[in-house]
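Asks: What follows is each chain in one-letter form.
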Amino acid sequence: MLKKSFLPTAARSEQMALQITSMADIFVIILVFLLKSYSVEGLPYEPTVPLSPPVAKGRIEKTDATKVEISSRVVALGGQPVSSMKDFKFAKSDMDSDGASQTLRKALARMRPKAVGGSKGPRLIVLADEGAPYETIKAVLASAASEGFLDIQLAVSHAQ
Amino acid sequence: MKKGYIKHNEHEQDFELNIASIIDCFVVLIAFVLISTSFFSIGIIDAEVASGGATESAEQVGGLVIELKADHTILVRSDASAQEVRITSRDAGKTWDFDRLTGTLQALKVKMPELHSAILVADNSVAYRDVMASMEVAKGQVPSVNLGGF
Chain W
1 MLKKSFLPTA ARSEQMALQI TSMADIFVII LVFLLKSYSV EGLPYEPTVP LSPPVAKGRI
61 EKTDATKVEI SSRVVALGGQ PVSSMKDFKF AKSDMDSDGA SQTLRKALAR MRPKAVGGSK
121 GPRLIVLADE GAPYETIKAV LASAASEGFL DIQLAVSHAQ
Chain P
1 MKKGYIKHNE HEQDFELNIA SIIDCFVVLI AFVLISTSFF SIGIIDAEVA SGGATESAEQ
61 VGGLVIELKA DHTILVRSDA SAQEVRITSR DAGKTWDFDR LTGTLQALKV KMPELHSAIL
121 VADNSVAYRD VMASMEVAKG QVPSVNLGGF
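Residue numbers (the working numbering), protein chains in the order written: chain W, 1 to 160; chain P, 1 to 150.
For the record, the hints were derived by calculation from the structure and aren't laboratory data. No residue lacks a Cβ here, since even glycine has one placed at the ideal position from N, Cα and C. One thing to keep in mind: the hints can contain errors.
Partial list, computed: chain P residues near chain W (C-beta under 10 Å) [stated by the list, open to error]: (1) PHE15; (2) VAL27; (3) VAL131; (4) LYS139.
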């Protein structure tokens with residue numbers, strides 16, 4: 001019964017004509033929907049290292065700033081890996097007495113003249129994996145603060 | 001060139017769009033948009049760095065310190081109350097009791113309406129997701145929450 005309704009009633013010929021106009025309508029609706037959701041749900045960002053940031057309700061702000069990314073194996077600054085880690089831990093030889101990473105500090109010092117300025121100095125956006133221990137976050141923030149990056153913003157995966 | 005859009009009959013004014021190619025374009029666009037969803041959308045949370053030790057910084061900003069312990073206990077210290085508030089985990093150290101944290105901060109706001117900032121510190125092993133979750137809860141009651149402990 002159901003099968004019958006899908007078959008053309010007077011279709012003796014082998015050719016089948018698709019209703020392309022309705023298909024185009026559907027595609028347009030899908031496209032508009034995807035483009036709208038793409039533009040409203042926050043700032044699109046593609047991390048340069050594999051990481052999954054924590055989900056929170058962050059402010060949507062189109063700011064340009066130096067980004068430091070923290071994954072389980074590497075810390076990247078401006079898209080370039082600068083410090084290697086093992087399970088979110090810096091090498092002991094890399095840590096200085098202030099709890100900062102020496103390699104990250106050097107990279108931040110190189111980056112500083114080119115960094116975008118915020119209200120309190122050069123701006124830095126920290127993008128870390130949700131599983132990173134606070135010890136690692138502290139080390140990165142201490143490195144940033146010691147190099148004069150005091151306008152620090154934390155990037156989160158924007159909650160719906 | 002023009003001929004391609006017109007039916008072979010030269011005298012006929014009607015023409016047909018080649019919808020198949022338009023659909024091709026749409027399919028490519030949709031594929032592109034779907035692939036680009038692998039980019040995640042980010043939101044920004046301001047986090048001033050409270051350097052110079054949590055206690056010293058807390059004195060500057062109103063005396064409220066929220067401390068996350070490794071056993072999922074939250075300690076809240078402030079000038080408003082002599083004793084620190086200890087918020088223990090509801091299910092034997094597995095989850096944080098953010099509802100009680102909200103309640104504690106609301107009670108402190110009643111005592112100290114001028115309270116506008118807090119310092120958030122955490123044990124070394126506390127995961128970043130938990131720090132951010134507690135920061136989000138604290139920001140609901142106190143406008144400015146700074147990270148401390150270094």
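Asks: For every hint, state whether the structure bears it out.
Replies: So, going through the hints one by one against the coordinates:
Taken as an interface hint, PHE15 (chain P) does not check out: its beta carbon lies about 16 Å from the nearest beta carbon of chain W, beyond 10 Å. Nearest Cβ of chain W to the Cβ of VAL27 (chain P): about 7 Å, under the 10 Å cut. The hint holds. Because the beta carbon of VAL131 (chain P) sits about 6 Å from the nearest beta carbon in chain W, less than 10 Å, this interface hint is met. Residue-level restraint check for LYS139 (chain P) holds (minimum Cβ-Cβ distance to chain W is 9 Å; threshold 10 Å).
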